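Enquirer: Please put together the full structure from these sequences, using the hints given.
Given next are the chains, with one letter for each unit.
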Amino acid sequence: MQTRIFPGRFENLEEISHFVIQAAEKAGLDDSAVYAVELAVDEAATNIIEHAYQGEGLGEICCSFEIIQEGLKVMLQDWGVPFNPLEVPEPILGAPLDEIQSSGLGLFFIRKLMDEVRFEFSIEKGNTVTMIKRKKQS
Amino acid sequence: MEIAITHYKRCVVIKTKGRMDGSNAPELKTAFKELIDKGEFNLVFDMSEVNFMASAGWWVLIDTQKTCKQLNRGEVVLACIDKGIQDSLSLVGMSSYFKAFDDITSAVGSF
Numbered sequence: 005m006q007t008r009i010f011p012g013r014f015e016n017l018e019e020i021s022h023f024v025i026q027a028a029e030k031a032g033l034d035d036s037a038v039y040a041v042e043l044a045v046d047e048a049a050t051n052i053i054e055h056a057y058q059g060e061g062l063g064e065i066c067c068s069f070e071i072i073q074e075g076l077k078v079m080l081q082d083w084g085v086p087f088n089p090l091e092v093p094e095p096i097l098g099a100p101l102d103e104i105q106s107s108g109l110g111l112f113f114i115r116k117l118m119d120e121v122r123f124e125f126s127i128e129k130g131n132t133v134t135m136i137k138r139k140k141q142s
Numbered sequence: 002m003e004i005a006i007t008h009y010k011r012c013v014v015i016k017t018k019g020r021m022d023g024s025n026a027p028e029l030k031t032a033f034k035e036l037i038d039k040g041e042f043n044l045v046f047d048m049s050e051v052n053f054m055a056s057a058g059w060w061v062l063i064d065t066q067k068t069c070k071q072l073n074r075g076e077v078v079l080a081c082i083d084k085g086i087q088d089s090l091s092l093v094g095m096s097s098y099f100k101a102f103d104d105i106t107s108a109v110g111s112f
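Sequence order for the protein chains is A and B.
Counting in my numbering, the first sequence runs from 5 upward without gaps.
Counting in my numbering, the second sequence runs from 2 upward without gaps.
Bear in mind the hints are in silico, worked out from the structure with no lab data behind them.
On a predicted model such as this, the values are computed, not experimentally measured, just so you know.
Every residue gets a Cβ at the ideal spot worked out from N, C-alpha and C, and that includes glycine.
This list has only true hints and no planted wrong ones.
Pair ranges (Cβ atoms, derived):
1) A:His22 <-> B:Gly40: 36 to 46 Å
2) B:Arg11 <-> A:Leu62: 41 to 51 Å
3) A:Ser126 <-> B:Tyr9: 53 to 63 Å
4) B:Lys70 <-> A:Asp34: 32 to 42 Å
5) B:Ser91 <-> A:Thr7: 29 to 39 Å
6) A:Leu90 <-> B:Gln71: 27 to 37 Å
7) B:Leu92 <-> A:Pro89: 14 to 24 Å
8) A:Pro86 <-> B:Lys70: 31 to 41 Å
9) A:Leu101 <-> B:Ser111: 16 to 26 Å
10) B:Gln71 <-> A:Glu120: 34 to 44 Å
11) B:Glu28 <-> A:Pro89: 24 to 34 Å
12) B:His8 <-> A:Glu18: 27 to 37 Å
13) A:Ile71 <-> B:Ser91: 21 to 31 Å
Sample of chain A residues facing chain B (criterion: CB under 7 Å; computed from the structure):
14) Glu18
15) Asp46
16) Phe113
17) Lys116
Expert: Laid out in structure tokens, this is it:
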């Protein structure tokens, strides 16, 4: 497992992306899956800055990855406000344009793009989101 | 972030490059808002040099599309979408909100 800690600022999103892109490529994911991982991690990190820390420069994001037999496991950890994904309304895509709300769009992307997503919170470890992207069966 | 704006007879092309995420989506929002405030509702977003688009960027486009389509004033169309972006757009089910064109000429010609 490799881990890096990034300051929770939007300007660091690109560096976080580079960190997970090289992991996804090393794990043998195809181009489309590499992009999906990049996008899901970007959304998760953005949510941490916006919702867990409620602003830029107020805490750190710990990003880890592990190359596993079926693909790639990525974990993002923060020490902000406890996050309960069940409290986030899911946007109704496919609904008429006028009815779409921005709230929950990032979380919706994460769930659609990754094969497994798990949120955990503990006093000691803060919030952890664990995401798995599997290689396509050849 | 560089934003280039080109005015045509029937529409305006707005072009940016690189990554579009929470760090620079507000700048894109301002650029679209300035065009709308000037009465420009036929808009082409040239994505030929955009290689990453997070939900913050998509929300700017959706919100702009809502405004443009009100009272049938116009619409936002997309041109030259990168394959990875297109795949993710289809996967999350958002591709139906925008017409997409393979090249700028077709996108501009659609108005």
